Amino acid sequence: MTKKQKKTLKRIIIAAVLTAVLALLFHFAELPWFVQLVLWLVPYLVIGHDVLRKAFMGIKSGEVFDENFLMAVATVGAMGCGEYAEGVAVMLFYQIGELFQSYAVGKSRASISALMDIRPDSANLEAEDGTVSVVDPDDVPIGSTIVVKPGEKIPLDGVVLSGESTLNTAALTGESRPRTVRPGDEVISGCVNADSVLRVRTTKIYDESTVAKILDLVENSSLKKSPVENFITKFARYYTPAVCIGALVLAIVPPLFLGGWLDWIMRALTFLVISCPCALVISIPLTFFGGIGGASKCGILVKGGNYLEALSKTGVAVFDKTGTLTKGVFKVTHTAPADGVSEKDLLESAALAESFSSHPISKSLREACPDLDARRASDAQEIAGHGVKTQVDGHTVLAGNARLMESEGVTYTAAEGAGTIVYVARDGQFLGSILISDEEKPTAKAAMQGLQAQGVRTVMLTGDTPAVAELVAKDLGIDEVHAGLLPADKVEWGEKLLGQKPAKKELAFVGDGINDAPVLMRADIGIAMGALGSDAAIEAADVVLMDDDPAKISLAMRISRKCMTIAYQNIVFALAIKALCLILTALGITNMWWGVFADVGVMVLAVLNATRMLNVKQYQ
Numbered sequence: 001m002t003k004k005q006k007k008t009l010k011r012i013i014i015a016a017v018l019t020a021v022l023a024l025l026f027h028f029a030e031l032p033w034f035v036q037l038v039l040w041l042v043p044y045l046v047i048g049h050d051v052l053r054k055a056f057m058g059i060k061s062g063e064v065f066d067e068n069f070l071m072a073v074a075t076v077g078a079m080g081c082g083e084y085a086e087g088v089a090v091m092l093f094y095q096i097g098e099l100f101q102s103y104a105v106g107k108s109r110a111s112i113s114a115l116m117d118i119r120p121d122s123a124n125l126e127a128e129d130g131t132v133s134v135v136d137p138d139d140v141p142i143g144s145t146i147v148v149k150p151g152e153k154i155p156l157d158g159v160v161l162s163g164e165s166t167l168n169t170a171a172l173t174g175e176s177r178p179r180t181v182r183p184g185d186e187v188i189s190g191c192v193n194a195d196s197v198l199r200v201r202t203t204k205i206y207d208e209s210t211v212a213k214i215l216d217l218v219e220n221s222s223l224k225k226s227p228v229e230n231f232i233t234k235f236a237r238y239y240t241p242a243v244c245i246g247a248l249v250l251a252i253v254p255p256l257f258l259g260g261w262l263d264w265i266m267r268a269l270t271f272l273v274i275s276c277p278c279a280l281v282i283s284i285p286l287t288f289f290g291g292i293g294g295a296s297k298c299g300i301l302v303k304g305g306n307y308l309e310a311l312s313k314t315g316v317a318v319f320d321k322t323g324t325l326t327k328g329v330f331k332v333t334h335t336a337p338a339d340g341v342s343e344k345d346l347l348e349s350a351a352l353a354e355s356f357s358s359h360p361i362s363k364s365l366r367e368a369c370p371d372l373d374a375r376r377a378s379d380a381q382e383i384a385g386h387g388v389k390t391q392v393d394g395h396t397v398l399a400g401n402a403r404l405m406e407s408e409g410v411t412y413t414a415a416e417g418a419g420t421i422v423y424v425a426r427d428g429q430f431l432g433s434i435l436i437s438d439e440e441k442p443t444a445k446a447a448m449q450g451l452q453a454q455g456v457r458t459v460m461l462t463g464d465t466p467a468v469a470e471l472v473a474k475d476l477g478i479d480e481v482h483a484g485l486l487p488a489d490k491v492e493w494g495e496k497l498l499g500q501k502p503a504k505k506e507l508a509f510v511g512d513g514i515n516d517a518p519v520l521m522r523a524d525i526g527i528a529m530g531a532l533g534s535d536a537a538i539e540a541a542d543v544v545l546m547d548d549d550p551a552k553i554s555l556a557m558r559i560s561r562k563c564m565t566i567a568y569q570n571i572v573f574a575l576a577i578k579a580l581c582l583i584l585t586a587l588g589i590t591n592m593w594w595g596v597f598a599d600v601g602v603m604v605l606a607v608l609n610a611t612r613m614l615n616v617k618q619y620q
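Using my numbering, count along the sequence shown one by one with no gaps and you end on 620.
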């Protein structure tokens, strides 16, 4: 508990004890009304002096109609009507409810702060003479060398100069799997160094670093309220004056015709207690706050409650292919050696032939045979649009496309596949073919299944060839595919799909945040693969997946739908109970004690329901 909460709890205990003592006293002793009033004012002022002060300040500043005003009028009115015990009890229970609400909100904020506890406290700056000093991360310029010890957070983005260690990225990605880094590898702020000392050259100042951008994103997410939150704010603005006028009418009009002024005034005061909109005003923002925090723990950054609500209405999910559904890294996926040729001989010949080329295809071949001695290859000739001709161990090796085989008069066996096919020959003899393609992400298929299970239509837009796109789409189970698209074509197709989407449904576009920025901006919801802190992704998108896992999209939608379910539950529950109690109060069936339940009780139950959003395990 905070100091303020402890102080409030102490006041509640003192007021409760005094109330109990006075109730017993007046049960056994008859005292004049003014003595009773003076004695009852003691616990009333102990527990309610801050509410009275806030009500007065609100009237003074022109903000009259709030919960403090309603409670002040209701309890002072009850005391004025001689219902001293009820007046004190209402204020006491109201303060108990406020304390509970304050504690629940505090716990929620603490939970979310713990989830995003990635802010570095300091940086170990290494001077030119090798001495290390502890400084504020804000004071570290680009190009500086910092030392990160085991157990410390990496304070700034940079490149490893020396040292080898594993990084805990759970705070950023929601994944516990460690990441190994070596000299030359990029590291981002917010990760925890697990094993050994790292020397890192900084590439960004603190304000531009990943950790600063993420914290700013999460902290400012509350500024972008959802339509439901905005509705509740506007509702409370008109609702409170309306019920005050209703209470005034209830206190004056009926007794003019029916008499019984005191009874009707008590009904009006109870009416005010019941009408307090605390349950809605507190629980709805808390629900969205919890949803954004819960999503952050799963490695999903949602930039505001409006995007969280939009996710729940997603009807169409449009995907880029490379870097989104596939890894964006070329890899040998299939080999077809000719008769009498081993797979090893085929791959070695191709890798050595391509050993001098910097082409991504060549790189993937070399990675398939990492331990080869490049000195075995010489006199490499790159033939534009065809491939390479290289001397390997004194033999002429060809590696390239079908046109190279045809131009060199090599008889070859044509191969098919979704990707780039490299044909290999040695001294005019065909050795076989190698298929090199982009590898699908392991969770891509599960991502499509998860979305389709929620009634979301899946579409893929890609600049790749139709043959490759169709194969990937078929393998992943994507509903619709459009291939061979330029960036402008993607925007055009995005517009078409926006026009075709079902009524009251939203279109989400998922891309890498760089090439797909125009479509990301145009879609109802832009979802970017964060690539562990890609600047373009964080800037362009409404939702960022910090670990590039497409399966997190359906998880984000489940979180958003859970959030909306809880929000609507609280709205219906609070309004239904209040409406029922207001009607019963106007008819004289309920009293002030029912008013306490309708206000404080409903608020406590709504807040408890809202805190369910922090339980991340329920989404998994």
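A couple of the hints might just be wrong.
As the list claims (entries may be wrong) - List time: in silico BS3-like cross-link candidates among lysine-lysine, alpha-carbon distance up to 30 Å:
no.	residue 1	residue 2
1	60	213
2	344	303
3	389	313
4	6	60
Unchecked claim - Just the calculated beta-carbon pair ranges, DEER-fashion:
no.	residue 1	residue 2	range
5	134	334	51 to 59 Å
6	134	162	45 to 53 Å
7	518	411	46 to 54 Å
8	56	13	42 to 50 Å
9	260	13	33 to 41 Å
10	475	4	56 to 64 Å
11	138	331	24 to 32 Å
12	185	5	23 to 31 Å
13	522	10	19 to 27 Å
14	446	56	53 to 61 Å
15	134	185	21 to 29 Å
16	565	495	29 to 37 Å
17	367	201	25 to 33 Å
Keep in mind the hints are simulated off the structure, nothing from the lab. None of these values were measured; they are calculated from a predicted model. From the three backbone atoms N, C-alpha and C, an ideal C-beta is built for every residue, glycine too.
Verification of the supplied hints:
1. Annotation: proposed proximity of residue 60 to residue 213 is violated, straight-line Cα distance about 40 Å (limit 30 Å).
2. Among the hinted pairs, residue 344 with residue 303 is inconsistent with the structure: their alpha-carbon atoms are about 50 Å apart, more than 30 Å.
3. Restraint check for residue 389 and residue 313: not satisfied, since their Cα atoms lie roughly 56 Å apart, outside the 30 Å limit.
4. With a C-alpha separation of about 29 Å, the suggested pair residue 6 and residue 60 falls inside the 30 Å cut-off, and the hint holds.
5. For residue 134 paired with residue 334, a C-beta distance near 54 Å keeps the hint of 51 to 59 Å intact.
6. Between residue 134 and residue 162 the beta carbons are some 20 Å apart, a value that contradicts the proposed interval 45 to 53 Å.
7. For residue 518 and residue 411, the Cβ-Cβ distance of about 48 Å falls inside the hinted range of 46 to 54 Å, so the restraint holds.
8. For the pair residue 56 and residue 13, the beta carbons lie near 26 Å from each other, so the given range of 42 to 50 Å is not met.
9. Separation of residue 260 from residue 13 is about 38 Å and conforms to the stated range, judged on CB atoms against 33 to 41 Å.
10. At roughly 58 Å, the beta carbons of residue 475 and residue 4 sit within the given window of 56 to 64 Å.
11. About 42 Å separates the C-beta atoms of residue 138 and residue 331, a value inconsistent with the hinted range of 24 to 32 Å.
12. Distance hint check for residue 185 and residue 5: the Cβ-Cβ separation is about 46 Å, which falls outside the suggested range of 23 to 31 Å.
13. With their beta carbons about 56 Å apart, residue 522 and residue 10 fall outside the hinted range of 19 to 27 Å.
14. With their beta carbons about 59 Å apart, residue 446 and residue 56 fall inside the hinted range of 53 to 61 Å.
15. With their beta carbons about 25 Å apart, residue 134 and residue 185 fall inside the hinted range of 21 to 29 Å.
16. Between residue 565 and residue 495, the C-beta spacing of about 32 Å keeps the proposed range 29 to 37 Å intact.
17. Take residue 367 and residue 201: their Cβ atoms lie about 26 Å apart, and the range 25 to 33 Å holds.
Checked against the numbered hints above, the structure violates hints 1, 2, 3, 6, 8, 11, 12 and 13; every other hint is satisfied.
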